[in-house]
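All chains should be modelled from the sequences, with the hints used to inform the complete structure.
One letter stands for each residue in the lines below.
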Amino acid sequence: MSATAVFRTIPVRELLADQLLDLSKKMKLSLSKADMLVVQQIFNDEGRDPTDVELEVIAQTWSEHCKHRIFNAKIYHTLNGEQEVVDSLFKTYIRATTEKIMADKPDFVLSAFVDNAGFVKLDDDKAVCLKVETHNHPSAIEPYAGANTGLGGVIRDILGAGKGSKPVASIDVFCFGPPDTKQEDLKAKDVIHPLGIMRGVVRGVRDYGNRMGIPTVNGAIQFDDTFIYNPLVFCGTAGIIPIKDIAKEVKPGQLLIAAGGRTGKDGLKGATFSSAELTTDSHEEDQTAVQIGNPIEEKKVADFVLAAREAGLIEFITDCGAGGFSSAAGEMLSEVGGEVYLHHCPLKEPGLESWQVFISESQERMVMSIEEHNLPALQAIADKWQSEIFVLAKADGNKRLRVFHYDSIVCDLPVDKLHGAPRREMRAHWRQPAALAPKVAVRPESWTQVLKTLLADFAIVSREPIIREYDHEVQGNTVLKPLAGAAGDAPQDGSVIKVDGSKQLVALACALLPEWGKNDPHAMGRACVDECVRQLVAMGANPQRIAILDNFCMGNPDAEKELGALVECTKGMAESAIAYGAPFVSGKDSFYNYFITEDGPVSIPVTLLVSGFGIIEDAKHVVGASLRRAGSKLCLIGGTTAGLRGSVFAKYTKGAGLDGAPTWKEAATWASYEKYHELAKSGAVLACHDLSEGGLGVALAEFAFSGKAGVKVELENLPATKDCTVAELLFGETPGRLLLEVAPEHLTAAKAAGAVVIGEATNEKYLNITLRGSTLIDAAVSDLKSIWQGGLVPYY
Amino acid sequence: MPHALLIKFPGTNCDVETSRALEAAGFTAEVLPVSELAPEVLGKAQLVVFSGGFSYGDYVMSGRISQLITKHKLGDRLKQFVADGGYVLGICNGFQILTQLDLLPRGSLIHNTTGRFICRWVPLKKNSSTSPYLKLLPDNFELPVAHAEGRFVGETGDADKYVKDGHGALLYGKNVNGSSAQIAGLQDDTGRVFGLMPHPERFIGKDTHYDPDWNGAERGWGYYLFKGVAEALAA
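Residue numbers (UniProt numbering), protein chains in the order written: chain A, 1 to 796; chain B, 1 to 235.
A few of these clues could be false.
As the list claims (entries may be wrong) - Here are the simulated distance ranges between beta carbons:
#	chain 1	residue 1	chain 2	residue 2	range
1	B	V60	A	Q432	53 to 63 Å
2	B	P138	A	S782	52 to 62 Å
3	B	G216	A	S786	21 to 31 Å
4	B	V60	A	E425	48 to 58 Å
5	A	G683	B	V60	27 to 37 Å
6	B	H111	A	A434	53 to 63 Å
7	B	G178	A	A3	50 to 60 Å
Stated by the list, open to error - Non-contacting residues of chain A with respect to chain B, defined by C-beta distances greater than 10 Å in every case (computed):
#	residue
8	K121
9	N294
10	I409
The set of hints was computed from the structure by calculation and includes no laboratory data. Even glycine gets a Cβ: it sits at the ideal position worked out from N, Cα and C.
Now the structure itself:
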């Protein structure tokens with residue numbers, strides 16, 4: 001093992017623009033020609049050529065993954081032929097939305113967009129935060145390790161939020177190719193079959209979450225052909241922290257201490273790898289970009305960090321994620337500057353080059369700053385919890401990032417230039433397709449059979465085989481579980497957890513509707529916000545105390561139409577968020593989810609995941625989504641409108657999906673949620689289920705899967721526009737609707753709150769739906785339930 | 001108040017809720033990291049608890065590394081502690097550790113027959129009228145399980161023998177993981193050492209039951225398990 005730095009100088013000052021681009025490609029920096037010209041200028045100003053360490057640091061720091069340059073770009077957008085300029089999607093639609101809501105509702109959002117995760121006030125001394133990340137590229141080429149470290153990474157985000165938040169619950173959302181995809185339909189060598197992806201991803205999440213002792217309480221899975229080559233893996237974790245421990249600052253003189261796992265060659269260049277498209281070659285060449293997880297190492301770090309925070313030793317903390325130490329230390333020293341000592345770093349194996357030590361994404365590492373005199377106290381706590389720590393750097397106030405490796409200076413950059421990534425300019429367009437009438441009128445022989453078909457659809461079937469693999473009860477605080485009802489196997493809208501030391505509870509939910517994004521991304525943006533908020537309200541969250549997160553995934557941002565869909569989706573999402581007063585407190589984006597197959601590039605549809613959390617002010621307000629007793633009344637809140645575009649039902653009809661999407665108005669919907677909440681607080685609501693995929697028919701069946709009662713409903717009573725067909729009444733997916741179970745003695749109150757009676761819960765365990773007296777659907781609940789429960793069993 | 005000492009290994013993760021449950025039942029609870037484990041710490045405890053989790057990742061065999069480290073640090077002192085009247089409780093991973101520590105009748109906890117991790121609530125049957133841990137519980141009750149390695153196996157005939165002689169103090173009400181003779185929990189001859197796969201600490205109040213209409217008792221069944229030991233120690 002040599003005790004000297006291994007690095008080299010890369011001449012760039014004499015290169016022409018095209019040569020700079022070639023260099024970027026050769027080193028896999030993912031930097032554009034324009035970026036490389038700025039890099040050249042930096043070193044012209046410095047009067048020397050860069051080291052390889054410096055180029056790698058700049059590449060990681062400026063990567064899409066770290067700097068979100070597309071969301072901050074100036075976009076020349078054309079909508080239906082009309083031109084407009086979007087001066088940063090993030091500033092215009094996300095930050096502005098949150099700032100407006102923060103002004104309207106002071107004392108709710110405590111911080112947003114400045115830390116690893118945004119914080120919302122839970123009670124007078126605690127705050128709650130939530131962060132969701134994607135780990136799509138790693139999961140495509142190595143599903144188990146990709147998903148494993150995806151969850152491990154977001155847990156560290158929470159440990160590094162504020163001065164160290166305690167992770168209390170996780171959310172996991174996946175988009176896969178259909179499990180029954182034929183092997184011969186895979187149009188590229190080495191692509192992993194969707195079944196292999198699904199099994200690997202679920203096990204990866206299982207083995208990290210369960211070992212960390214964080215309950216995985218909520219999630220969703222979408223299956224579609226467009227996700228065969230680019231599966232999406234979203235991992236989220238919620239945390240709790242004392243409000244006094246949110247604010248943090250690095251000051252000159254403080255030591256930066258790294259804690260946790262050792263550093264190795266695993267996870268090199270993950271940030272830049274995730275900022276490019278996948279190809280068959282990725283399966284061969286980019287394996288080192290995938291990290292290796294060790295949850296027990298992270299558990300030790302978590303115990304250590306939380307103990308150090310409680311002891312008041314931590315001044316600032318962040319996780320080592322994409323870009324490794326270069327990103328963590330770089331961010332912590334981005335204002336003040338400082339010296340980094342790479343030779344202090346314990347390695348997994350000898351012989352790492354300087355750049356590898358600095359940008360390795362080896363897992364389970366955290367970096368915190370402390371006052372120098374607190375080092376012995378910190379060391380004692382680290383020893384107690386068996387976590388390895390070392391002095392990584394010292395903040396000095398010189399505003400330069402100077403990196404030492406043994407006796408050499410391998411990086412010496414002014415912090416302002418390192419963090420001054422040039423702004424991108426991009427072009428986008430979108431044309432809203434016209435609504436076409438269905439080519440074939442939908443008149444099935446049996447509506448019961450249609451319901452059975454929908455209950456067996458991958459979009460709707462029970463996720464139970466997967467849910468049971470996650471420990472959703474550890475920490476002992478899961479009040480509303482992902483499965484409930486008389487036998488603990490009926491679906492819920494989300495989950496509710498208690499918080500140690502607080503009377504307030506936290507509800508968690510998520511929504512994504514990629515099918516809507518294919519034809520109407522603007523409506524998808526609105527509908528995702530609505531569905532997430534609606535689920536939280538249904539469970540008993542105060543509608544005034546809901547915060548949401550936006551996670552975008554898309555294909556090729558350089559394709560104008562795809563970027564146009566993203567712009568429209570973002571606009572729609574912001575529109576609804578403002579109407580509902582639901583601020584975005586954090587978010588993330590993932591680009592380049594496209595794959596070059598034998599038949600050309602395949603992109604995912606623009607996909608938005610809205611996840612959210614809401615405060616439930618009293619345990620008595622918690623409402624589950626399972627029917628509780630025969631004799632109670634079934635009511636609907638929210639009207640049904642025509643249009644089946646994007647619905648699950650549309651998949652089974654020729655052309656129905658080409659008609660318009662259902663319409664709804666946020667203002668009226670919002671008002672109905674507020675009335676519902678008052679009703680739920682009064683104890684009048686026995687159960688409530690949101691209407692989503694599969695519409696009313698599926699929601700009623702799921703309601704009855706509690707095993708406690710049957711359902712009898714007359715559709716004529718349904719609040720709906722006159723142009724609705726039977727298919728739209730039964731299976732339309734108009735947002736804004738809630739299905740309620742109300743005890744007869746509370747019916748007057750429910751009606752006053754806008755609920756419309758559509759039927760009742762019956763002793764006979766049958767699902768019976770009539771229209772003007774004639775039966776449309778009549779089936780034993782047990783028959784329906786076995787179809788729904790068995791759907792994933794052969795595949796997982 | 002009786003004092004409970006919960007030994008925490010890297011990867012032990014049910015310590016917070018188990019401490020909370022112990023306190024609810026009238027114990028003072030102390031979580032001790034294994035780095036500070038030494039024979040003398042047993043002196044102040046009446047109950048030693050090994051809680052749930054994945055100690056050292058359970059990569060070799062569940063509970064194996066923890067058993068080696070505990071043996072290395074405590075020698076025979078834990079056996080002496082029991083002989084002197086002390087109580088030892090192992091829950092889930094803690095039960096796995098106990099089976100390796102020679103404190104319970106011989107047998108192992110291996111991978112569920114499904115090969116899967118299972119998180120669900122299960123019906124349970126009491127099979128001991130003397131266990132202090134079970135004395136406040138009815139003949140039939142339920143608790144959640146969450147494990148990948150919960151299938152009890154023993155030498156030929158052992159499991160049936162344990163059910164007959166009462167060492168198999170707790171049984172599943174249905175086949176959950178393939179356990180021989182449906183064994184969910186074991187006790188030693190004194191009844192003071194008890195290990196079980198289900199998680200009593202997750203069902204202390206009614207509010208953590210999956211069915212909001214559950215009304216089987218004043219509190220969750222898990223509470224009565226901890227309360228039973230507290231009462232036995234107070235007696």
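Each hint, compared with the structure:
1. V60/B x Q432/A: 53 to 63 Å: Between V60/B and Q432/A, where Cβ atoms are some 59 Å apart, the hint holds.
2. P138/B x S782/A: 52 to 62 Å: Taking Cβ atoms as reference, P138/B and S782/A lie about 29 Å apart, which means the hint is violated.
3. G216/B x S786/A: 21 to 31 Å: Holds, at about 27 Å.
4. V60/B x E425/A: 48 to 58 Å: 56 Å, holds
5. G683/A x V60/B: 27 to 37 Å: 52 Å, violated
6. H111/B x A434/A: 53 to 63 Å: Given about 57 Å between the Cβ atoms, the range holds.
7. G178/B x A3/A: 50 to 60 Å: 55 Å, holds
8. K121: Non-interface label stands for K121/A: nearest chain B Cβ at 23 Å, farther than 10 Å.
9. N294: It is violated; N294/A is separated from chain B by about 8 Å at its closest Cβ, not greater than 10 Å.
10. I409: For I409/A, whose nearest Cβ neighbour in chain B is about 37 Å away, the distance exceeds 10 Å, so it holds.
Comparing the model with each earlier hint shows violations of hints 2, 5, 9; every other hint is respected.
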